[in-house]
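> Chain by chain, the residues:
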Amino acid sequence: MSAALAEFGTGRMALPLTVNGRSLRVEAEPRSHLGDVLREGLNLTGTHLGCEHGVCGACTVLLDGEPARACLTFAGACAGAAVTTIEGLDADEIAGELRAAFNREHALQCGYCTPGMLVAARDLVLRLPDADERRIRVALSGNLCRCTGYAGIVRAVMAVIADRRGRGILPETGAARALGPVGARIGETIVAPVRRLTSPVASVAPAAVSDLAAAFEPAHRFTQALDLAHPPEAVFTLLGDIEAVAACLPGAVLTARPAPDAVEGGLQVRIGPIAATFRGRARIERDEAARSGSVHGAGSDAGGRSATEGQIRYRVESGPTPGTARVELDVGYTLTGPLAQFGRPGLVRDLAGRIAADLVRNLDARLSGAAVPAPAGLNPLHLLLSLIRARLAAWLGRS
Amino acid sequence: MKPVAFAWERPDSLAALLARLAEAPGNVKLIAGGQSLGPMLNLRLVEPDLILDITGVPELRAVRVESDTLVLGACVTHADIEDGRVRDLTRGALRRVAAAIAYRPVRNRGTVGGSLVHADPAADWVSALTALGAEVEIAGPDGCRTLPVERFVTGPLTVALGRAEILVAVRVPALPAGAAWGYVKHCAKIGEFAHAIGAVRLEPGQGRGRAVIGAVEGPPVLLADARPLFGGRIGADFADRFDPAAADAALRAAGMTDAVERHVHVTVLARAVAQAAKPVPLNLPEAA
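The listed protein sequences correspond, in order, to chains A and B. Using our numbering, the letters of the first sequence map in sequence onto residues 1 to 399. Using our numbering, the letters of the second sequence map in sequence onto residues 1 to 288.
One or more hints might be untrue.
Looking from chain B toward chain A, a few residues come up when the C-beta cut is under 7 angstroms (computed) [to be verified]: (1) Arg10; (2) Thr55; (3) Pro58; (4) Arg61; (5) Val65; (6) Cys75; (7) Gly218.
Non-contacting residues of chain A with respect to chain B, defined by C-beta distances greater than 12 angstroms in every case (computed) [as the list claims (entries may be wrong)]: (8) Thr73; (9) Ala159; (10) Glu264.
In short, the hints are calculated from the structure, not lab data. This one's a predicted model, so the numbers in the text were calculated from it and none came from an experiment. Every residue gets a Cβ at the ideal spot worked out from N, C-alpha and C, and that includes glycine.
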């Protein structure tokens, strides 16, 4: 494999690009996205960065002549591509007409969305057959503007399309271009070795956790029932043994027991390619008479970027047949940070369901006297069920 | 927002890609258009040691027709399908789905293979290709295998791919003359991930059909035999015979306990059935 584009030992690559008609090589890490390469490496600050995860459209540029999100195009993915930024559209005929129309229709206020908006609008002027307001509004939904309410922007785009079609300029179909992602060349080989600045720290000190407030209002809530073929008394007794429960909970690790009703530890959750480890602590309460209890926990992931707080209430009841038990779980959680930005509650519930299935299997094995499979992590962490759910939530979390 | 530092390699052949995937240590992720993985990298929800960029492999960017099956390379983009750069044997079904995925700048780089492997339950292709009866071609150290999409997507963000395997192509069977297709999704904001998806592929002449209820918690709910939704028989009058209670029962059986959620999904499926009975003209570009 060729290493022509890589500078070994630095983790950086000499990225060949044609930017606004100029061929150049810019030094970049493969993880840098095109927006940063343009702004930091080439001082082309007309490309704006908003959300940096593909939602807001502020960073939209032309890649091989087609609009693309600069924030979702990594340097390693666009070697050899032709990039046109807003700075490169000064002499562009359509962009010129759009600028005049934006000016006339008051289609901007703060201007932050405008570079991406103009690139997207130019694409519509090229492709839409006529000045259909609904289609324009639908198409511009990928570019967020929080100033104008879109009224002036839509009027401007409609005016330019109507004018050009009136002059007999037909829409383009985009039929002739190579298959595959724009900006990605076939057959080129890039090797950009990584330079690890720091070795990843496997164990991070438990994140600081504020005292768990008694009143907790979760953002999301769901219920789940676990059926076990063992007497309710035995199940309730087992649920009181936090080390045992943690051992049955996949991904849970118990690290400390600072008080009889408190545990510290962590929970690792994996959903597809996402893996997160939350560390924190939980407070345990039990009501022997009602055969119920609760676990209220809070934690954050390494670096403290995502945080969660959750509460699991459980009640052990008699199952459908004598000698069996049903555990009713009421799970509430709140998740903040990147995981929450990404996930959706439905995914959390599915993950919770799968974890619950593992938990039931392991609890059942333990109650039957069989050995529980060794947990992947350290020790038993207990009813970090809540944390688990929260993590799940995180992965699956809601945006 | 910066992803974790990773190495980046771009094999130029399928053989080189498979060899590297099999031998590379650490956490390796494949990337095609990066429109699903990119946000997760930027948010550092995924922290790979090495990214293998598969877009340099020519056969992954090719399309072929085998008899009545369209074979889409994994790196064919939504925009490629939307614009008609690939043949559509589904009489516009694929184009209509593609044109309504996210936003045009995303469709210009997002790929059909990447979307399937990412396996977000709310993604369009996961549901649409399941309803169309599509299969995936998987290549690995032990050769190639084929799986129906409904057996490929096993959970949220989870697919039946081995550590050293990759999805190389999607096989979409033709929609025969006389077959009816309906696909409707519900989004609160245009271009976002759907809250509910309904899809039907019905052959009234043969009395058979498939129905999919998607954007649920896990893989889409597939009724490979959709007759129960139509009072036990799929005929030319299928739209009149659609039974929302049967769809509701299917969702109950699939574990959807929330009545409001079931109502939204059943309503969206009913709209898909209505669309299949009375197709709207293909109106492109129509999408966000």
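> Now tell me if each hint is right for this structure.
Hints, verified against the model:
Proximity of B/Arg10 to chain A holds as hinted, the smallest CB-CB distance being about 4 angstroms (cut-off 7 angstroms). Here the hint on B/Thr55 is kept, as its CB sits about 4 angstroms from the closest CB of chain A, short of 7 angstroms. Checking B/Pro58 against chain A by beta carbon gives a least distance of about 5 angstroms; that is within 7 angstroms, so the hint holds. For B/Arg61, the interface hint holds, since its Cβ comes within 7 angstroms of a Cβ in chain A; the closest pair sits about 4 angstroms apart.
The beta carbon of B/Val65 is not positioned within 7 angstroms of any beta carbon in chain A (closest approach about 14 angstroms), and the interface hint is therefore violated. Look at B/Cys75: its Cβ gets to within about 5 angstroms of chain A, closer than 7 angstroms, so that hint holds up. Evaluation of the B/Gly218 hint against chain A yields a held restraint, the C-beta minimum of about 5 angstroms falling below 7 angstroms. Some Cβ of chain B comes within 12 angstroms of the Cβ of A/Thr73; the nearest lies about 7 angstroms off, and the non-interface call is violated.
Every CB of chain B is more than 12 angstroms from the CB of A/Ala159 (nearest about 19 angstroms), matching its label as outside the interface. At roughly 24 angstroms from the closest C-beta of chain B, the C-beta of A/Glu264 stays outside 12 angstroms, upholding its exclusion from the interface.
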